[in-house]
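*Asks:* Knowing the structure of chain X, use the given hints to seat chains U, D, C and F on it.
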Amino acid sequence: MAIPEVSKKEKQLNVESLALGDLTWVNIEPPTERETEYLAQNYPFHPLDLEGCLSRVQRPKIDLYKDYLFLVFHFPVFNKEARVTTSSQLSVFIGEKYLITLHKGELKPLVKLFRECQIDEESRQENLSQGPGYILYRIIDRLVDYCLPILNRIVDNIEEVEDDIFSDRKKGTVKEISMLRRDIISFRRIIWPMRAVIGSLEPRIRRFTKMDLAVYFGDTVDHVDKIWDALDEYKEVIEGLNDTHDSLATNRTNEVMRMLTVIATILLPITVVASLYGMNIPLPFQQSAYSLPFVFLIIAVIIGGMLYFFHRKRLI
Amino acid sequence: MAIPEVSKKEKQLNVESLALGDLTWVNIEPPTERETEYLAQNYPFHPLDLEGCLSRVQRPKIDLYKDYLFLVFHFPVFNKEARVTTSSQLSVFIGEKYLITLHKGELKPLVKLFRECQIDEESRQENLSQGPGYILYRIIDRLVDYCLPILNRIVDNIEEVEDDIFSDRKKGTVKEISMLRRDIISFRRIIWPMRAVIGSLEPRIRRFTKMDLAVYFGDTVDHVDKIWDALDEYKEVIEGLNDTHDSLATNRTNEVMRMLTVIATILLPITVVASLYGMNIPLPFQQSAYSLPFVFLIIAVIIGGMLYFFHRKRLI
Amino acid sequence: MAIPEVSKKEKQLNVESLALGDLTWVNIEPPTERETEYLAQNYPFHPLDLEGCLSRVQRPKIDLYKDYLFLVFHFPVFNKEARVTTSSQLSVFIGEKYLITLHKGELKPLVKLFRECQIDEESRQENLSQGPGYILYRIIDRLVDYCLPILNRIVDNIEEVEDDIFSDRKKGTVKEISMLRRDIISFRRIIWPMRAVIGSLEPRIRRFTKMDLAVYFGDTVDHVDKIWDALDEYKEVIEGLNDTHDSLATNRTNEVMRMLTVIATILLPITVVASLYGMNIPLPFQQSAYSLPFVFLIIAVIIGGMLYFFHRKRLI
Amino acid sequence: MAIPEVSKKEKQLNVESLALGDLTWVNIEPPTERETEYLAQNYPFHPLDLEGCLSRVQRPKIDLYKDYLFLVFHFPVFNKEARVTTSSQLSVFIGEKYLITLHKGELKPLVKLFRECQIDEESRQENLSQGPGYILYRIIDRLVDYCLPILNRIVDNIEEVEDDIFSDRKKGTVKEISMLRRDIISFRRIIWPMRAVIGSLEPRIRRFTKMDLAVYFGDTVDHVDKIWDALDEYKEVIEGLNDTHDSLATNRTNEVMRMLTVIATILLPITVVASLYGMNIPLPFQQSAYSLPFVFLIIAVIIGGMLYFFHRKRLI
Amino acid sequence: MAIPEVSKKEKQLNVESLALGDLTWVNIEPPTERETEYLAQNYPFHPLDLEGCLSRVQRPKIDLYKDYLFLVFHFPVFNKEARVTTSSQLSVFIGEKYLITLHKGELKPLVKLFRECQIDEESRQENLSQGPGYILYRIIDRLVDYCLPILNRIVDNIEEVEDDIFSDRKKGTVKEISMLRRDIISFRRIIWPMRAVIGSLEPRIRRFTKMDLAVYFGDTVDHVDKIWDALDEYKEVIEGLNDTHDSLATNRTNEVMRMLTVIATILLPITVVASLYGMNIPLPFQQSAYSLPFVFLIIAVIIGGMLYFFHRKRLI
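Residue numbers (numbering that gives the first Met the number 0), protein chains in the order written: chain X, 0 to 315; chain U, 0 to 315; chain D, 0 to 315; chain C, 0 to 315; chain F, 0 to 315.
Bound-form chain X, shown alone (with noise of 0.2 Å):
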């Protein structure tokens, strides 16, 4: 199969290209359906692939044809704004000859090794001279590497909540909990069907490939799994801080509680004798000048005997 040219008709596209040898770097950024048609035309991909480049709805995944395999990922993308970690897909076709990406641009990685190899001859020699499984290897790479920011970000977070928990009354930790434990719900859903594909792609790129990738991709695939298994923790960690939160809310209400209740013992009792001697009716003592030591007493006796009670009882 002849690899199109595709000088002119491409300015008009979102389609750019590299060269080196006879392999060529596809990168269209974002795909419309303008490209996935001009694609059609110049390769032969099947249709439902080209659908899937533009598909909300993909799932990591490899799917192998005689000629070439079409790949999608989903990697995450750290939206600074609305503070959630959301997907972003690259779609994949790599040939013998080929290698085609597809993304909306999101992935800064991916987009600055492709101006490197654009701009930099030394760089383009390095990445394209080995055949595309490698250039595939260097974008997953680099993409993986890309999540080790978003996952730092997490712990940093998760680090402040605790602090936030322990010790202040600060209003948003819920909410800040809420939200952490969200992104990292996401985050996990990214990771976990990108493992299972990473884990299996070298075997299938080996025909794509001059050199041994093996070694290479096994180091991804560690990565990954690391990746993983640090939001696990993660999550786990947040679901006790959680709990924790809520343990300590619920001991705040027994302090206020029991506070509460020292001050209902210690003033209603003053209050009730006061009305007692504010009653307009004859009563003991009434005249006597020790009345008023009198009624302290009473209030004094009464004040001891409830908070000895309450002490004993452990309430407070």
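Don't take every hint at face value.
The list makes no distinction among identical chains, and a pair is therefore deemed to hold if it is satisfied within one copy or across any two copies.
[What the hints assert, rightly or not] Heads up, simulated DSS-like pairs for lysine-lysine below, C-alpha to C-alpha not over 27 Å straight-line:
id : residue 1 : residue 2
1  : Lys174    : Lys312
2  : Lys170    : Lys312
3  : Lys79     : Lys234
4  : Lys96     : Lys111
5  : Lys111    : Lys209
6  : Lys174    : Lys209
7  : Lys79     : Lys111
8  : Lys96     : Lys65
9  : Lys174    : Lys234
Read the hints as simulated data drawn from the structure, not as lab findings. Keep in mind the model is a prediction, meaning the values are calculated, not measured.
*Replies:* For chains U, D, C and F alone, kept in the frame of chain X given last:
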């Protein structure tokens, strides 16, 4: 085996049929005992299968026979009035020259597809020319895609609930969470057994189709897996939101409790001192011109002391 | 091996038997040590199996021997008085020319089937003519179907509980949830090991039957799986309802707390001001004709200020 | 390999032995370094195994060697004083002509079995005549059956806790639930690894026995599985009971809160109105003969209005 | 391959070495880029592995090469100051004639073993004479045993927390539970991947050792499994304790609430009646000598009635 004539008698039964070449698609909507009896007379189907078309306790499954396959699917259908997702059964008999679908008419995409093939010659050509296996693929693909709007509705509801939880103390949030949770649970239960059945369908219906459907069914399986992944995520999210709601409610209880403590701390001492000075006994400073300022001074000292004490204990 | 004569001696034992051709169905209800001794004398059964028929610590299982199979099943039985689902053991010996069932008489469908075959010649012909494997299928199928009403009762109870939770503050809801949960747990524990046994039964009893029972047992396995799926769903639903109940209770606590705060906010200031004006000391405006309106004005200002403050803090 | 003479020296060691024909059962109770040294001198055992007999960090396991097997079992033992289930280690060396058991004497059924064989000729004949594999089966079978009373005690405790939760506000219920839960957790941890070991034991000791023990060990494995199933169920039940306890406690808090609100609703308005009429300022109706009925009327109107308002809001 | 001379240059690097016969053990503590460069020059190691020795995102793993193995282990290290368990990486290159260990010096048993072999001729003989595989076993065995004191510390902490929960209302219990839980989670995450690596290690290093290490590694795997089982149990126990703490806190809230209700029930009626008799209006019995007993009678009747009513409603 000859395909039986179904022209007249069908009129009285809930049976409609389409034919192209020697292939017939029989649609029974809804099936009753009369229709299964009719099938028993005209096709070599196992009595247990015919029973299964009417039964309510079926599970998605593939039964293999020498001449035909019997398939049971359950697809989710959203009941707008009751606001719950229920399952609707689709039973399929697939033979070399026929496809028989039995359902209650709730599966709109199937009803629509059958109508299209009835009315539109081109559509009939497109769907029926590749053998009964291809029609089956078309039906399943449409029904799986039909799950997506139901899924999107769940996402919308989750986001609404999330906003409700944090922004306002809306009354019905707990009920909303509970219904959403139940809906997700029941949706999951419908998708779960479907994955296995659709996943193992392609090699078994290979003999009933002219084209290679592996890629097509692979795509459908991906969609089902995507739905499953999404439901898994939503389940975790809604459980997290439930926890968040409870944590916020506990926090609010704490806030209100602290406020009550503050009120008690400020108002009770005033009442106490006022009651004491309301006693009908001789009291110090009683007739002095400075008695009122003196009372207010005592009150201010008590309140100040209590606020200081509680603040140091971090209770208010 | 000759089938022993069981006519006279059986009269004294809890042993009844049916015969058709050279096939005998022996029903022992309930089994005691005397009956297992009788079996030991007449059949080549392993002593551990005979012990197992009487033991309470059996698990559903299939024991394979050269001449016979020993099967243990546990089926759920609903105890209406105690309102719990318990398991009832059915032990079966199946040989080439005999089927021996041992149970306590709680499994109504089995008792009924045996009666039918005793009384009705036609029924006996239908059930016994296909060999002991077919009778076994008939028994198991009926007993599995017998689970459905128990399952439906659980669904009804769940719906009732759901209504109770949201509509009213009924007293017994927590107890109802707890009992339902326990019932589902114990039902699940009965079904769980049954799945494996019934699923692997067909190939092992093939030698004891004249017809191919694969489809029949496949259907029964589907029913058991359906029951399992349903119980799994109910378990999740009831756990969700428990959470919902707690969330609603927490909400109600909040409502009541806020109401108490409102009461305190409105009534306490009145008491405070009134107490101050009840003091037996010279007070401003005391003898003025406008003293009462003045007092009410102070009260109104205090209440208004507090309500405004709390409302801004979103506490009431 | 010759079986060593153990007559004299054993006296000083914690070693006892039984012999029948060329088979010896050596019982070491409790094992110390002196006993393992003795074994090291007389038997070809691996040093790690001898260490393992004394170590506290063993796990149930089967170690296969050319001449012998080394087995470690952990059986549950109920400590009546501390009211917890702990594990007690049984180490076994089994060779062609010997069985060596090492334990701390806490496993009563094993101690009893050894005593029986010492005293009673018949019992020794019964247990030792079938080779070391059969003695091992006898020991394990008795020790597994010994778990049942511990299990029954747990069931009794669960039922007691269940009654406590619903019938009364007993003080120690939470502690009881907590201890029961911990007991079940630790019991499960003992049974869990035991299942795998006993399940894979029979084929490995086949060479050390004269009779076919497959059925016997199969029966024992069933018992262990039954115990595991039961513990699984109890774990779910006790977790459910914990939730139920908390729900009931939350409900009770609600009840008490509502009662406080009712008290406040009824008593505070009286105090308020009374305080107002206690003010030392000119008040309307003050000197009228109908002032008291008038005051009560105002109070009744306020209380009635509040009760009606709260009732409509479904708060009381 | 010849083992390189490492005498002089090592002095400046963090590299130490031991030799016995043609076997060299090189210990690098801590590794930096200079040390990995040194290894790259002298050994045929893959660049990715050398990178992995310095990286923080490694996972325990075994990488197989023709001439050597690259192993990564993570062992738990308890940080006494921060009171948390963290993981410390040990990277190992094992070849026919060398063993290279790279670590940060936090793994005390490894540091100690290397020192012993440096100083003590006998110890060097014992550890190095059996080939590099045996040294590796010695290192791993000591490091695994080093986990046990960390585990015991967790057990001690759990028991302390358990006592705190039941005996007293200590302030820091929630924090203690939270930290313990997090510690167990992170310990588990360290042990989890280690199990797989150590479990599959023996057959892979067989070629690097003179003696059969299967029994030895089997023993080590048992220890790791035992640690895992223990951590699993502790995780369940600490979750149970968290629930117990919350249940107890809820109970205490109930107790305090009931106490407040009792106080309100006893004191408020007195205040109410006293306020009524404090009104400046004509009251019945006002001037009677029996007015005070009459007032107390009314109060007693009201309090008695309320206590009786609440007691019947089981609220106090």
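*Asks:* Could you tell me which of the hints above the structure violates, numbers in ascending order?
*Replies:* 6
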